[in-house]
Amino acid sequence: MISNYIVIPGLTYGSQLALGALGITIVYSVLRFSNFAHGEFMSFGAMSSILLCWLFISLEINLYPLPTAILVLPIAIIFTIFYCLIVDKLIFKFYRQQNSKSVINLIVSIGVMFFTGGLIRFIVGPGDKNFFDGERFVFKAKTFKNFTGLNEGLTLKTTQGITILITVLLVILLFWFLNKTKTGKSMRAYSDNKDLALLSGINPEKVVLITWVITGTLACVAGTLYGLDKSYKPFTYLHLVLPIFSAAIVGGVGNPVGAIIGGFVIAFSELIITFAYKKIFFYFLPSFMVPEGLLQILSTDYKIAISFIILVLVLLIKPTGIYKGKVI
Amino acid sequence: MTNLSRIKILYIMMAITLFAVGIIQSWNVALTIFNLCLISSIMSLGINIQWGNAGIVNFGVMGFAALGGLANIIISMPPTQNAWDTGGFSIIIGLGIFILSIFLSIIIFKKSQFNKKIKYMVSFLIIISGYFFMRLLVDVPIEKIEAIEPAKTGYLGGFNLPVLISWPVGGLLAAFSAYIIGKISLGLRSDYLAIATLGISEIIIYILKNEDWLSRGVKNVNGLPRPVPYEIELQSKEWILQTSKILDIPIPELSSIIVKLSYSIWFCLVLLIVLYLLEIAVKSPWGRMMRAIRDNEVSANAMGKNIKRRHLQVFIIGSAIIGIAGAMLTTLDGQFTPVSYQPLRYTFLIWIMVIVGGSGNNFGSIIGGFLIWFFWVQAEPLGLWFISQITSHISDANVVKTHLLENAAHIRLMFMGLILLLTLRFAPKGLIPEVKR
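Residue numbers (this note's numbering), protein chains in the order written: chain A, 1 to 328; chain B, 1 to 437.
In short, the hints are calculated from the structure, not lab data.
Check each hint, because a few of them may be wrong.
Dumping the calculated DMTMM-like pairs for lysine to aspartate or glutamate here, alpha-carbon to alpha-carbon at most 20 angstroms [said to hold, decoys possible]:
{"#": "1", "chain 1": "B", "residue 1": "Lys219", "chain 2": "B", "residue 2": "Glu297"}
{"#": "2", "chain 1": "B", "residue 1": "Lys144", "chain 2": "B", "residue 2": "Asp212"}
{"#": "3", "chain 1": "A", "residue 1": "Lys101", "chain 2": "B", "residue 2": "Asp295"}
{"#": "4", "chain 1": "A", "residue 1": "Lys206", "chain 2": "A", "residue 2": "Asp128"}
{"#": "5", "chain 1": "A", "residue 1": "Lys129", "chain 2": "B", "residue 2": "Glu434"}
{"#": "6", "chain 1": "A", "residue 1": "Lys101", "chain 2": "B", "residue 2": "Asp333"}
{"#": "7", "chain 1": "A", "residue 1": "Lys185", "chain 2": "A", "residue 2": "Asp195"}
{"#": "8", "chain 1": "A", "residue 1": "Lys230", "chain 2": "A", "residue 2": "Asp128"}
{"#": "9", "chain 1": "A", "residue 1": "Lys303", "chain 2": "B", "residue 2": "Asp139"}
{"#": "10", "chain 1": "A", "residue 1": "Lys182", "chain 2": "A", "residue 2": "Asp195"}
{"#": "11", "chain 1": "A", "residue 1": "Lys101", "chain 2": "A", "residue 2": "Asp88"}
{"#": "12", "chain 1": "A", "residue 1": "Lys303", "chain 2": "B", "residue 2": "Glu406"}
{"#": "13", "chain 1": "A", "residue 1": "Lys303", "chain 2": "B", "residue 2": "Glu380"}
{"#": "14", "chain 1": "B", "residue 1": "Lys209", "chain 2": "B", "residue 2": "Glu146"}
{"#": "15", "chain 1": "A", "residue 1": "Lys233", "chain 2": "B", "residue 2": "Glu406"}
{"#": "16", "chain 1": "A", "residue 1": "Lys180", "chain 2": "A", "residue 2": "Asp192"}
{"#": "17", "chain 1": "A", "residue 1": "Lys101", "chain 2": "B", "residue 2": "Glu297"}
{"#": "18", "chain 1": "B", "residue 1": "Lys209", "chain 2": "B", "residue 2": "Asp333"}
{"#": "19", "chain 1": "B", "residue 1": "Lys209", "chain 2": "B", "residue 2": "Asp139"}
With the Cβ distance kept under 7 angstroms, some of the chain A side facing chain B (calculated, not the full set) [unchecked claim]:
{"#": "20", "residue": "Ser102"}
{"#": "21", "residue": "Gly118"}
{"#": "22", "residue": "Leu315"}
Computed from a prediction, not measured in an experiment: that's the story for all the values here.
All C-beta atoms in this analysis are idealised placements derived from N, C-alpha and C, irrespective of residue type, glycine included.
Using the sequences and the hints given, assemble the complete structure.
This is the structure:
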């Protein structure tokens, strides 16, 4: 029961948020600014997947039980990385060379956000797109009941399974890269102390390039997975950037572990606080003691507001976040 | 070019453009744009005093504007007597208890001598119990109130006072919430502050959307009273009939033009007052101190200025101005629609106005407000025209062409992003730069 309504959706939504927050955190720790355009980068990634999906479906290439989106994901990632690099070359590079304040960079990223948002709506239009195909469920409630003999079913949608799996893979890969390879180490050195890293011969342009490659990958995967799980609508991505920021800050900006933890904290608290506890009481208490009403702590309408409430609480109590930020 | 001549040229050009719209499209359209331009330039004045003069990043514009709109309801709508009888007071008592519990926990947290963990536990427990106690008191009356004629009222209503009072009250509401928000978040670094204000304004809008007893939520409040006469009343007046004969304009159009003009007069009045006060403030020693804090916090602190206090002060002043503008906006619309406050989009529109106009210069913010709002409204037809010009040699049956024409309206988001990026790159000081004093 609880696992059906809280654990699995929480894990899915949490992984999507965590991937997004990782992207923001990495840009923050290396390039030193809060990237408001990240939500639109995610949207761009999802859009490229959708366009490629349509192409592949029309060519009748697919991976049946899995959705076609998985097949086209690598190509979409390359598109997104290219877009990020172009944006960096045309826009962010100038301010980096000028050593502008981070606030200026933030406002610039808002300009990028507007432009990208307009571009995406211009290409695919503002409407709802559903690009999921393939098998809907890994296992359904009924089969699970028969299989385990429990009297409450457990369902796992394919999208949820894929989301969790890909996130785990990607996070392992990322941490291996940051901690074990030479390039990853040079990135960490650069984010720790820029001048010292430059003195010891690290090429700053290469670090920036790698940063955008990672950011583009994360953004594209997160965007596509979110689009697969819910459905793709450019407008929702504009709003997704706020919970992602809360996740990054709650975990501690600049800390990848923190970003992941933050994502899950936000996702689970959203679900736990708006969960209707009536059904649980129904199991534990005799029927005459079950109270009326749904017994929510806050009504479901406030789902998104919860991430900001948590954000405000964290900023009040511990502004550095759960894990101390600023170290990659 | 000196600043003064820039101001003159830009203002005259803007006036000519608006007149051109009046002649080409219609005077009604031109006046609608003009009124909204006035409101957006008041909002950008509010941001300008915060960002241009004190360096505070406030992304909470829409939250404060929505609070200003709420003031309209509280002041000018007639009270719903039934609702007050069934439980208006218990809601207020419940809210009072919750607020009291928050204050109590803050006092305990600050004054008591326990170690940190116990402090957190105690204040957390007090707030939580206060919250559930409030829910106990409030839940039933809210349901009852929302059940009273949900199609028409279903909320507490207001005080039935003239709507003009709601403008200063909107400012006060915004100022009060700015005090709380500032206390929470002004100690943070600039990007944290930006995100925190954005988040808090989103919370405010969520509350207004969902608390039906207060603002009818997504059901909107329609038919707010006006500070100007209605078109229908005007149409029966003798002098209108005569002027319409002299000017050769149909009566309905003339009456709506007169209504819009009288709105414009009110808004101009507010704009001039706000501008006058801000100009005095910026030129005074207070303004100098603000700029000193903006340019170098450490040395200003060393000179004995209380930076946190000054920041809080300017944050409250700017937010109050935005609140007033928000109240005016709702009065102009004649209805309160919480859904229309989209924090991400419109907040940044105001920011673009300030940056394009020239941060730190009040006249710049006003012209920025006019220009950007004008573009925002006119970009849609402009984009459509642009696309149809480009694609004119392609046949009408082409899929690409129809797709482009369909989505041309969204080109304005691209426009706005482009304008912001180009300004920041090539003219970071804006159209009318800050005066060197």
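>> Need the list of violated hint numbers for this structure, in ascending order.
In response: Hints 1, 4, 5, 6, 12, 13 are the ones this structure does not satisfy, whereas the remaining hints hold.
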